[in-house]
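Asker: Given next are the chains, with one letter for each unit.
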Amino acid sequence: DVVLTQTPVSLSVTLGDQASISCRSSQSLEYSDGYTYLEWYLQKPGQSPQLLIYEVSNRFSGVPDRFIGSGSGTDFTLKISRVEPEDLGVYYCFQATHDPLTFGSGTKLEIK
Amino acid sequence: QVKLQQSGAELVKPGASVKLSCKTSGYTFSTSYMSWFKQIPGQSIEWIGMIYAGDGGTGYNQKFKGKATLTVDTSSSTAYMDLSSLTTEDSAVYFCARRGYNFDYWGQGVMVTVSS
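Here the protein sequences line up with chains E and G, keeping their order.
Take the first sequence: its letter number 82 is residue 82 in the numbering used here, and every next letter is one higher.
Take the second sequence: its letter number 78 is residue 78 in the numbering used here, and every next letter is one higher.
Quick caveat, the hints were computed from the structure, so don't treat them as lab data.
Errors might be hidden in some of the hints.
Cross-link-like lysine-lysine pairs, in silico, DSS-like; alpha carbons within 27 Å at most [as the list claims (entries may be wrong)]:
id, chain 1, residue 1, chain 2, residue 2
1, G, Lys19, G, Lys3
2, E, Lys112, E, Lys79
3, E, Lys44, G, Lys23
4, G, Lys19, G, Lys67
5, E, Lys44, G, Lys3
6, G, Lys13, G, Lys67
One-sided and incomplete, this derived list gives chain G residues near chain E with beta-carbon spacing under 10 Å [unchecked claim]:
id, residue
7, Tyr52
8, Thr58
9, Tyr60
10, Phe64
Using N, Cα and C, we set each Cβ at its ideal position, and we do this for glycine too.
For reference, chain G alone in the conformation it holds in the complex:
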């Protein structure tokens, strides 16, 4: 069955970077699309961007350009998101989700806390 397993919670200092992972199984990763999302607890969800695993092509929400960088490793069927120059406003839960005709499978989410 399809699974998206995200890495564990992160506590990072302001100004630092963090790399989140989303390891997939149960489908052909190399010809799929993956998106990432941000959700501050108690608030709605924001779309960060999407990557096509076939060629690494990306599309970003303008709001997150310069903040998030999406990459993939097809050899391990894993998607990554780098978040840079972190501030307290980046503290949130981040989800990955596979895009077919819709977002049918999601990772469990990972909490990123930015604090000194």
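Next up, chain E with everything else stripped away, as it sits in the complex:
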């Protein structure tokens, strides 16, 4: 199975500052069709996960442009600029390139 290693495990950020989360894959996530099926989800406390980013860098409808996904191959990053109170929760990277589909272990974002 593809292992997605997220760092850091937790992150404490001052409102208005930037946060950065890394996701490293044990295998390349580029599929044979040329697409890279790496997604980012945010799970707020007590809620279902919500989609932020798909195919590495595409923001889902309604997601603020403060959220920026980047990377290729096995190394990916989610940057959140100007952190706001509603950004707190656990961020997961996720891959749909290889079977079985897998999530990273999560990064908990706390507000200082």
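Got chain E sorted already, so can you dock chain G onto it with the hints?
Answerer: Below, chain G alone, put in the same frame as chain E:
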């Protein structure tokens, strides 16, 4: 608007089975894919499997083969997941989510507690 409404919390005895439902609305269910996930509180999320509502075709995470069975009822736009031979390790929150190009809509989750 798209909605995925899951059934309520379950308390079941070890060795029993449980059938979870995910009733959808707001989109064309019969040509869509649905996945199910498991999350033990405080832990990450595991993908259980996916079903195509058009023909009932399924794909499972090897880890959950024999444990989970996915089905659909297109007449009611509802997806189901049967969990069998439950043990305490199956106690978790289970989510359904629609797969288009990504998992864009999720159910609210349902807590399954396995206890005697």
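Asker: Would you mind marking each hint as holding or not holding in the structure?
Answerer: So, going through the hints one by one against the coordinates:
no.: 1; hint: G/Lys19 x G/Lys3; result: holds, 20 Å
no.: 2; hint: E/Lys112 x E/Lys79; result: holds, 17 Å
no.: 3; hint: E/Lys44 x G/Lys23; result: holds, 23 Å
no.: 4; hint: G/Lys19 x G/Lys67; result: holds, 12 Å
no.: 5; hint: E/Lys44 x G/Lys3; result: holds, 18 Å
no.: 6; hint: G/Lys13 x G/Lys67; result: holds, 15 Å
no.: 7; hint: Tyr52; result: violated, 15 Å
no.: 8; hint: Thr58; result: violated, 12 Å
no.: 9; hint: Tyr60; result: holds, 8 Å
no.: 10; hint: Phe64; result: holds, 9 Å
The structure fails hints 7, 8 (numbered hints given earlier, in ascending order).
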